[in-house]
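Residue numbers (my numbering), protein chains in the order written: chain Z, 13 to 415; chain V, 11 to 433.
Treat the hints as calculated values from the structure; they're not laboratory data.
Misleading hints may appear alongside valid ones.
Facing chain Z, a subset of chain V residues (Cβ under 10 Å, in silico) [claimed, not checked]: (1) Ala281; (2) Ala345; (3) Lys346; (4) Ala395.
A short list of chain V residues far from chain Z (calculated; beta carbon distances all over 12 Å) [as the list claims (entries may be wrong)]: (5) Arg17; (6) Glu57; (7) Thr73; (8) Ser253; (9) Asp321; (10) Asp323; (11) Pro350; (12) Arg377; (13) Glu396; (14) Ala397; (15) Pro401.
Note that CB positions come from ideal geometry on N, CA and C, so glycine has one too.
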Amino acid sequence: MSLPGRGLTRREFLALAGAGALRLALPDWARAAAVSAARPGKCLVVLLLKGGLDGLNVVVPFADPAYRRARPTIAVPPPGRPGGALDLDGFFGLHPRLAPLLPFYRERRAAFVVAVGSDDETRSHADALSRVSAGGGGEGGWLNRLGRAFPAPTPPFAAVAIGPAAPEALWGRFPVATFERLSDLARADGDDGAWRASDRRDRLAGLLEDAWSGFRAMQDEAARASLTAVRAAGAGYPDAPVGRDLAELARLLKAGLGTKVALVESSRWDDHVGQGGAEGPMADRLSDLALSIRAFFDDLGPRADDVLLMTLTEFGRTIEENRWGGTDHGHGGAALLVGGALKGGRVVGPWPGLSPESRFQGRDLAASTDYRRVAAEALSAHLGVAEPGAVLPGGPWPPLGLF
Amino acid sequence: MSPGSDRRIPHALERLAFGPRPGDAERLSALGLEAWIELQLRPGGREEAVERRLAAYPSLAMTAARLIAEYPKLPRRRLLGAFGRETAAYLDAGDLPAAKVLRAALAERQLREVLTDFWLNHFNVSRDKHLTYYFAVPFERDVVRPRVLGRFRDLLGAAARSPAMLAYFDNAGGMIGPNRPSGAASEVYARELLRLHTLGPGEVVSQSDVTSLARMLSGWGIRVAPGGRPGIEADWAFRYDPSADDGRPKTFLGRRYAGDGERDGERALDALASHPATARWIALKLCRRFVADDPPPPLVERTARRFLETDGDLAETCRALFLDPAFWDEGHRGAKLKTPFELEVSALRAGGSDVPDPAASARRIERMGMPLYRCSDLQGWPDRAEAWINPGALGARRRAARELAALLPRAAGLLASMDFQRR
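From just these sequences and the hints, can you work out the full model?
The following block contains the structure:
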């Protein structure tokens, strides 16, 4: 396997983010992909749902006769029944605990893509995560390649990951600002917090100094914008990691520091055991997710239309419920898109069906829409990337008409 | 070792230990570096002072069955439906991380702690995964820790049969995970067993070898309660289930195996443990941990040779590495970046701390990006500087260093220096 992000050198794709990386010459493909300067202020937020989201219980194909048969204890009931799905178009329904997203759909500000996935057949978390992070090949993660296509000079917060380190999709040479809480960037009272420098001059010293100057640049920018003083609206965010992370991101975006791409992770979507249907552990997580997204866009206020949020996951899950009331690693899944200038209010993508003969490898929902096709349209229509195929190889990616 | 070995003492304390405590260098000098290394390589030995401190964490001594029975204060029905964090929240998650900090900071047998950390990372299982939350306790105590200076084959076999590993890879014979189509049952584990635990990512392995290995391990699982449902009555020990064994002959790494039940899996592990690629991979990882991110290939080669010559004797392999002149090369001194765990523990040691609040240390380590026992990457925490250095991470380290400096006045000067990030 020669894919980037695999094997011995896998970690070498991590964001180095030294200030020096800013000065790297752009290769030809990056110039071709350059983001149009006509779209200042636009931001793509990728919400990575780690573990493999069970798309069939998110955008529920309640009218597909095979759905309830395959899931005797965890199927979401059809609309109108207790705990029933929220009807979207007469065939698909939204999981009832995603109700906070329904107003977005009705206002045509949300779209749901079904049977979306990768052309890769792996069912290994590590491999699948690497591949959706690589975005079809090329150097580093696809969101990092996207960063390198931004017009120079790029501000310190152009590409952001909320967390202790950049996830694989952001690994690469473009500098990535990572932080868990904006308050982490505040200067300490009575101390500038500087390190006493080292006399050493070796590879490690170079890495440390570059990263430290990157951190100082973030601090300077944060101080300039009085960023740590920007109060989050706070209201409505559930007490869940994804809510706390999106609240931090909203503070950053409201400060208008030129953030063009942000990655937020939510984990524990690997429901092998006791996932539940309309209620249960997965439903509780869906509730946190929907309330967090709702609160995020409410919090963004007038900036909400500049922000497009899309979900990404490593794979969907098996059509059939397993004997432990859960689902196993599968293939096609679902993606949620909210915000931006979406022509929403639609369930998008061809539906391959759940019957045995239409299944991928006789077992899983087929991935009739490549996740890169969704992402490529987001890049071109929302961010104004002229040549999204340069960031996401493997196309062509004809638009789905999401925008 | 030559009398001039004194200059090596600080380096030895940074690599075979979690950094020096006040007075350690003098003690080593009096004892002699070689004698200290021999002491560190000797298995066994009690750590009475540390064990007294660990008595504060009763869960550390419990079996998996007892942990599962004692901790979730939930009706059984909920337990069965909520194997994830909902159940886990009821067991004090601080026991293992706190114990790890205490041992690393206070144990005299420092090398055993360094190696336990190394091998737990090599055979990474995350506590965030289902019942691995509980199994992680006996995994460290009964599987890894007693074998870090033993034979690799014993460690590999014990890890492969451990409920922690079986549960982590959903490979418990259909108990925890999945009702998979036959043959595919343990392919995820088989792939990682080859790629991460033995031959290494550099060795090209065919899909048919992956499939064969999965089949050779078929039937390996965890004993559950009668009726097949997971239940707290079970003792959660390894169980071989002949009815789940495919029983057919297979070809693995160019050799034919007749299909001999449970022994098939053991033979596969025999073949892997004695494979030259395994020796190279383990030697590379040891050298990367103890020497440099990119260790000199001849040193890796010599270490691998010793591993093969001694039939994977880990104490002998380590001894050869530590006695190799290339190990002490000046260019390697300070060339490794400390992980957040190493940073915290080396600060506690430098400050002469008796670690009054190990849970606070574990939280600080987590805030630096290293939630202990919860590494979600199958290959464990990275052991190269690039993976840990980015602007945000360095900011988090600086913040932690400032907190530590306030707690540890003796180490405050060290903590303010960028050089304290290195070992």
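Could you tell me which of the numbered hints above are not met by this structure, giving the numbers in increasing order?
1, 11, 12, 13, 14, 15
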